[in-house]
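Chemist: The primary structure of each chain is shown beneath.
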Amino acid sequence: MSILVDETTRVLVQGITGYQGAFHTARMLEFGTRVVAGVTPGRGGEWVHGVPVFDTVEEAVQATGATASCVFVPARFASDAVLEAVEAGLSPIVVITEHIPVHDAIRMVEAARRRGVHIIGPNCPGVTSAGKCKIGIMPNHLFRPGPVGLASRSGTLTYEIVASLTRAGIGQSTAVGMGGDPVIGTTFVELLEAFGQDPQTEVVVLVGEIGGAAEEEAAAYIRDFVRKPVVAYVAGRTAPPGKRMGHAGAVISGSEGTAQAKIEALQAAGVAVAELPSQVASLVARILAGRPVG
Amino acid sequence: MKLHEYQAKQLFRTYGIPVQRDAVIEHPEEIPGLSLRYPLVLKAQVLVGGRGKAGGIQLARTPEEAVERARAILGMEIRGERVRRVLVAEAVEIEQEHYLAFTVDRSARRLVFVASSMGGVDIEEIARTHPELVHKVVLDPLEGFLPFQARQVARRMGLRGESLVQFAQIAHALYRVCVDLDAELVEINPLARAEGKLVAVDAKVVVDENARFRHPDLPEDEEATELERMARRYDLSYVELSGDIAVIGNGAGLVMSTLDMVAHFGGRPANFLDVGGGASSEAMRHAVDIVLRKPGVRVLFINIFGGITRCDDIARGIVAARPAVPTIIRLVGTNEEEGRRILEEAGMAAFVDPEEAARHAVASARRS
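Top to bottom, those sequences are chains A and B. If you count the first sequence from 1, you need to add 1 to reach my numbering. If you count the second sequence from 1, you need to add 476 to reach my numbering.
Keep in mind that the hints were calculated from the coordinates and are not lab data. Take the hints with a grain of salt, since some may be wrong.
[Said to hold, decoys possible] Here are the computed distance ranges between Cβ atoms for each label pair:
no.	chain 1	residue 1	chain 2	residue 2	range
1	B	GLU820	A	ASN141	21 to 29 Å
2	B	GLU608	A	ARG228	33 to 41 Å
3	A	GLY172	B	GLU601	44 to 52 Å
4	B	MET552	A	PHE226	51 to 59 Å
5	A	PHE226	B	GLU601	28 to 36 Å
6	A	GLY172	B	GLU685	37 to 45 Å
7	B	ILE570	A	ASP225	44 to 52 Å
[Claimed, not checked] If you want a taste of the chain A side facing chain B, the calculated C-beta under 7 Å gives, among others:
no.	residue
8	PRO102
9	GLY156
10	LEU158
11	GLY181
12	GLU210
13	GLY213
14	ALA214
15	ARG238
16	LYS244
Quick caveat, the model's predicted, so the values are computed rather than measured. Even for Gly, the Cβ is constructed at its ideal location relative to N, Cα and C.
Sequences and hints are given; from them, build the entire structure.
Modeler: Right, here's the structure in full:
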């Protein structure tokens, strides 16, 4: 098992004829993902890396039975593309696009909620179920199948931690890059719930960062509902207040959103919090070996 | 991006939100020519907070006094920001102060309307000391903000009669500002009652930088430092900090954790710089150039985990930039061997382990 995506997932790529869309379609195919269709308005009838291109999502779904989407459409057209995927009932809809206005993100997330489909992102690296399916832009070679589920607000830090797990001989069930924006479709609580029900996942790793309260909400959920061990890392202990640290959502506003508050909340919920990214793999190894942590 | 108070108030006027009669000046000599009723309040136009405490808000009863005060304020630097403009407004006799704002509720993933009968102080402070006086309405994204919701909140705040009706109108106009401008925050604090009428005495508007394509007429972001603006031109995300170890990495989370590592081993980062995903060697060269422009930088620490970013591109950028300070590099991932070869040819080496590299960067800063 795994969460969100597996070997049966049939992926449609929106914006497949663009530079990023075409490049990452090739990487997804190499990974073994079943990329069945692409959509670029006005380019229907073309092919990209052997994948047929359609003008609309509706047509692509009818022709190929696509079940999920990966969105590379530029920011100003992205929310329209996502709403088109929502209407078609695709899930998950993985939104790679960066710089989508927050008012657009609010509308997209609400539409998905009403339709009962999952949006991952925006501004995210995607979802990878090791050995089964990758939707997005994570590097292919890092992953090995195994017992660790990851949910992360940061892309590169996810790669760093996945690589160190794989080096330590520990594989992954599913890794989810949730995205760095203030409003995102899927966050820690939803993923903790999914990992909790996934028989393959034995340990959950959360990678958080400054800004918002997603880590505090995760801590409350873990305390009340999660029975599997959780390891966390939170970036931005030294970040100054009021400055956006790269991600639109990574900003301490007033006293809200500090790394310290997040770490304390997670620790109070029994989560083993790593001080450095490299410690995540050793904490997970200890847990898998049945040794106590913290 | 934060707008200045005077810009926000100009906007408010076009939406029918009452503000004091005012003018913006850049020179004290402009004051005698203003047709405003005394006393006047003079307010430094800066984007940092705490200008009142810093003496950036002053009252003047005569033109002579106003000129003198304006001169003083225009010479000020408030928390590192030089005052270039002063907003001159007709002072009002404040009877009561309220608070209202629309902002993004990240947890609800919706807009939220926040109001309080206790204005004039920081809303976080009110929420701590008098949570029962903070009223929140989370907005349905498809319905938007409805007039009755404004009246409901006004009534809960204890408003009646003309004040209740006026408050609801102002709240609705403020909602329009928020939506029309793609704002992350629109705030009136205080919304004052003066001579029986409500007036926005202060105004804060933070617009979403990502929505700039819908608002081509927006002013330039004045909050950013010169280096931060320069970085933005090359699509680099740069934040100036106060230490002596310049930091460059790929990915916001990785760079933040790199700053944390530097601090963990006892060093002080000079900046945050994220070259982004798939950075070209050109972007990397600019990144090195920008972080080394900051005075007082002793060491450069580059931490790259190549995914879509290619190590050979990064290495070429570093070599082309020829950093003039000791440079510690951690380079792993896509095309790593080629990247290392390029560095070695230029007489540079790279670490594999980020923590080992961070320790070296800190030690090197201590030595130099």
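Chemist: Restraint: PRO102(A) near chain B, CB-CB cut 7 Å. Satisfied or not?
Modeler: holds, 4 Å
Chemist: Have a go at the LEU158(A) hint: is there a Cβ in chain B nearer than 7 Å to its own Cβ?
Modeler: It holds, given that the least Cβ distance between LEU158(A) and chain B is near 4 Å, below 7 Å.
Chemist: For the hint on ARG238(A), just tell me whether its beta-carbon gets within less than 7 Å of chain B.
Modeler: Constraint on ARG238(A) satisfied, holds at 5 Å.
Chemist: Against chain B, is ALA214(A) within 7 Å by beta-carbon distance?
Modeler: ALA214(A) check passes; min Cβ-Cβ to chain B is 6 Å, inside 7 Å.
Chemist: Using the C-beta atoms of GLU820(B) and ASN141(A), is the stated range 21 to 29 Å upheld?
Modeler: Holds - the Cβ-Cβ distance for GLU820(B) and ASN141(A), about 27 Å, lies within 21 to 29 Å.
Chemist: Determine whether the Cβ-Cβ distance between GLY172(A) and GLU685(B) falls within the hinted range of 37 to 45 Å.
Modeler: The hinted range 37 to 45 Å holds for GLY172(A) and GLU685(B), with Cβ atoms some 39 Å apart.
Chemist: Evaluate the given range 33 to 41 Å for the C-beta pair formed by GLU608(B) and ARG228(A).
Modeler: Check passed, 37 Å falls within 33 to 41 Å.
Chemist: With a cut-off of 7 Å, does the beta carbon of GLY181(A) approach a beta carbon of chain B closely enough for the hint to hold?
Modeler: holds, 6 Å
Chemist: Measuring from the C-beta of GLY213(A) to each C-beta in chain B, is the shortest one below 7 Å?
Modeler: holds, 4 Å
Chemist: Hint check: is the beta carbon of GLY156(A) less than 7 Å from a beta carbon of chain B?
Modeler: This hint holds: GLY156(A) lies near chain B, its Cβ roughly 5 Å from the closest one there, short of 7 Å.
Chemist: Could you say whether the range 44 to 52 Å given as a hint is met by the Cβ separation of GLY172(A) and GLU601(B)?
Modeler: holds, 49 Å
Chemist: Quick check on a hinted range of 28 to 36 Å for PHE226(A) and GLU601(B), using CB atoms only.
Modeler: holds, 34 Å
Hint compliance for this structure: every hint is met.
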